[in-house]
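Trainee: These are the residues of each chain, in order.
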Amino acid sequence: MGRYLIRRLMVSIVTLVAISMVVFSILALAPGDPFGELATNPNFKPETRERLRKQFGLDDPLHIRYQKWATEYVQGNWGESIAFRTSVRSYLFSRIPVTLAIVGSAFLLGVLIAVPIGVISALKQYSLFDQFATTFAFLGFSLPTFFTGLLLILVLSVKLDWLPFVFDSQVEGVWPNIKQSIMPIVVLGLAGSAQLTRFVRASMLETINQDYIRTARAKGLREQTVVLFHAMRNALIPVVTIVALQVPEIFGGAVITEQIFRVPGIGRALIDAIGAADTPVIMAITFGVAVLVVLFNVIADVLYGLLDPRITYT
Amino acid sequence: MSQASQEADFTVAPGAIGAGRVGTAEVPPDETEVRPGRLGGGRLTKVRKQRSLWGNAWRQFRRHKLAMAGLVVFIGFVFATFVGTAIYPKEIDEIDFSITSGALTWDHPFGTDSLGQDILARILWGGRISIAVGLTAAAVAIILGTMIGAIAGFFGGFADSALMRITDLFISLPQLPLLLMISYLFKQPIGDFFEDATGSRTLGIFIMIVIVIGALSWMPTARLVRASFLSTKEKEFVEAARSIGATRSSLIFKHILPNVMSPIIVAATLGVGAAIITESALSFLGLGFPSDIPTWGSMLYEAKDRISFAPHEAMFPGLMIFLTVLSINYIGDGLRDALDPRKSQ
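Protein chains in written order, with the numbering used here: chain E, 1 to 314; chain V, 315 to 659.
It is worth saying that the hints were derived from the structure and are not from the lab.
Treat the hints loosely; a few may be bogus.
No more than 20 Å apart at the CA atoms, straight line, and that leaves these computed lysine to aspartate or glutamate pairs for EDC-like [said to hold, decoys possible]:
id : chain 1 : residue 1 : chain 2 : residue 2
1  : V       : K379      : E       : D130
2  : V       : K618      : E       : D130
3  : V       : K618      : V       : D606
Examples of chain E residues lying across from chain V (beta carbon under 7 Å, computed) [what the hints assert, rightly or not]:
id : residue
4  : V17
5  : A18
6  : P144
7  : L154
8  : V155
9  : L156
10 : V255
11 : I282
Ranges of calculated distance between the beta carbons of each label pair, as one might list FRET restraints [as the list claims (entries may be wrong)]:
id : chain 1 : residue 1 : chain 2 : residue 2 : range
12 : V       : A453      : E       : V17       : 30 to 40 Å
13 : E       : L62       : V       : R562      : 35 to 45 Å
14 : V       : I457      : E       : F84       : 37 to 47 Å
The beta-carbon is built from N, C-alpha and C at its ideal position, and this holds for glycine as well.
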């Protein structure tokens, strides 16, 4: 396991270096200039613009710029935001808690919805409940988050006036904060749960037909014990890995959700940065997501090995 | 990717079908017809009613009611968006400030938007783009994925490991941020380039979005095709073909590829829905098609801040995305059942 893990981490680092090169090159080769508008601004002398370009190192050749970026990044210096003139690191770290809170709760909600529904669907295959759950999953696949978000706003905020539809980070108190987080969490959680329900159901169906389940029933164990401790324990192993692999995807979904509800999180920071051509911020967020993807891939593999003794890594 | 996550893919993924097991269809005995021989002679000749693989699949597909409903709805939408503009010939950019955000009337069945433009006309016109993006982007992804998967699976060795490393790299790319970034950075220059070259800015943006979505979504297909190729190329019939001197290309295209077609077809179908959602998401974030080119996503982008007083502006494009993707997903589900030899009778 130890050697496997080391090899796996080495591969991950190589992957991340490759990804950072790809993203960096795309950003660097793209036309468009963060100081482009200064060229037409009469208050700025061309020399000032040149100096700024030099200060941010925009005129160096690509590989030198990449080298600079990489060495700084490894040391924890993520550069300076061009739009805000602050450290990218502190800017992003101020945005992370909101995103983490919403994505985390959405994730929990998704799992809490998907696991029971998936398990019951599998236990009562082709029953009315199963058909209902299947329909729910299909609707969930097909409803994009940006539409569910607007629908919720329309019903819960506009028609019923129960929840605020603009997220206000200045709001004090626990209850108002919960109230304004409900819709983003529900939208993200439902989107994630639709797929997960199908995974849980498929995995549970496979397990429930195994011989050892029949044995457990045959020796007179209660159905509850059979389902919870014999079937579910095994059925959820592949689900855990799927869940781990879904984490980055949910972060992606957060971009859209944060935009709909104007949640000042990482996703919104990305959209704002793209709009302002704020390269250091875009680079930091994009690469951050890449790190998440690669990291959770490793976590998924390791978890699979830990949970399933049939799998040994060498 | 490592063995573990790949294995996870294949144990529970709904797209994982018994790969490459589409053989020749057995004709059940009750389908053999008994016809009297010619000239009414005493002899009876057994005539087997031929049934092709695709005929079988179609029969199976027709039994799936929701898939059939999906097919009817989807064809209806395609027809409406591509031909409907002739039947409902209203301008998509006719501005009328006297009826901004107008309610539903006979003259404007779906109402009007913030500039008084007819929403139904924009839905029809935009649907053409949204559906076309979905179809072509899925085609790009499937062709790319099938090519890479086939080469990796068939040739193995260095080609396999190199291509699979590239696939792993692409899977680890941060999809949505990259999509947003590339779309934002290259929209203007590519649009300009195509405006100069062909006079159509929309075409440039269309091609860019299709390529970007396709280039970021071919990986699952590549893995699927590679796995199917790996198992199929060891089968006896491939060995037989090889032994009589079949060339590599005929082995790939004539012998193996047709046998691994079913999971590819299902993946392609579901890919269309996914691509429509991706394009809509891009446009919804204001980074896809600009708002003067209506697509369902960009109409939602326009409508989202006005939802409190003009909900119909968001409702119609949103419902169209939802219904289109839903119908495609049901078609995919039906195809999965129809093409799965384990399920056919």
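Trainee: Please go over all the hints and tell whether each is borne out by the structure.
Mentor: Quick rundown of the hints versus the structure:
1. Under the criterion of a C-alpha separation no larger than 20 Å, the hint pairing V/K379 with E/D130 is consistent with the structure, at around 17 Å.
2. About 35 Å separates the Cα atoms of V/K618 and E/D130, which puts this hinted pair outside 20 Å; it is violated.
3. Annotation: proposed proximity of V/K618 to V/D606 holds, straight-line Cα distance about 16 Å (limit 20 Å).
4. Among the interface hints, the one on E/V17 is violated; its C-beta lies about 10 Å from the nearest C-beta in chain V, farther than the 7 Å criterion.
5. At its closest, the beta carbon of E/A18 sits 5 Å from a beta carbon of chain V; the interface hint therefore holds under the 7 Å criterion.
6. At its closest, the beta carbon of E/P144 sits 5 Å from a beta carbon of chain V; the interface hint therefore holds under the 7 Å criterion.
7. Because the beta carbon of E/L154 sits about 5 Å from the nearest beta carbon in chain V, less than 7 Å, this interface hint is met.
8. Because the smallest distance between the Cβ of E/V155 and any Cβ of chain V comes to about 10 Å, over 7 Å, the interface hint for this residue is violated.
9. Hint status for E/L156: violated, given a least beta-carbon distance of 12 Å to chain V, over 7 Å.
10. The closest approach between the C-beta of E/V255 and any C-beta of chain V is roughly 6 Å, which is under the 7 Å cut-off, so the hint is satisfied.
11. Interface hint status for E/I282: upheld, as the beta-carbon distance to the closest one in chain V is roughly 6 Å, under 7 Å.
12. Under the hint 30 to 40 Å, the C-beta atoms of V/A453 and E/V17, about 32 Å apart, fit the expected range.
13. In this structure the supplied range 35 to 45 Å holds for E/L62 paired with V/R562, their Cβ-Cβ distance being about 39 Å.
14. At roughly 43 Å, the beta-carbon separation of V/I457 and E/F84 lies within the given 37 to 47 Å, and the hint holds.
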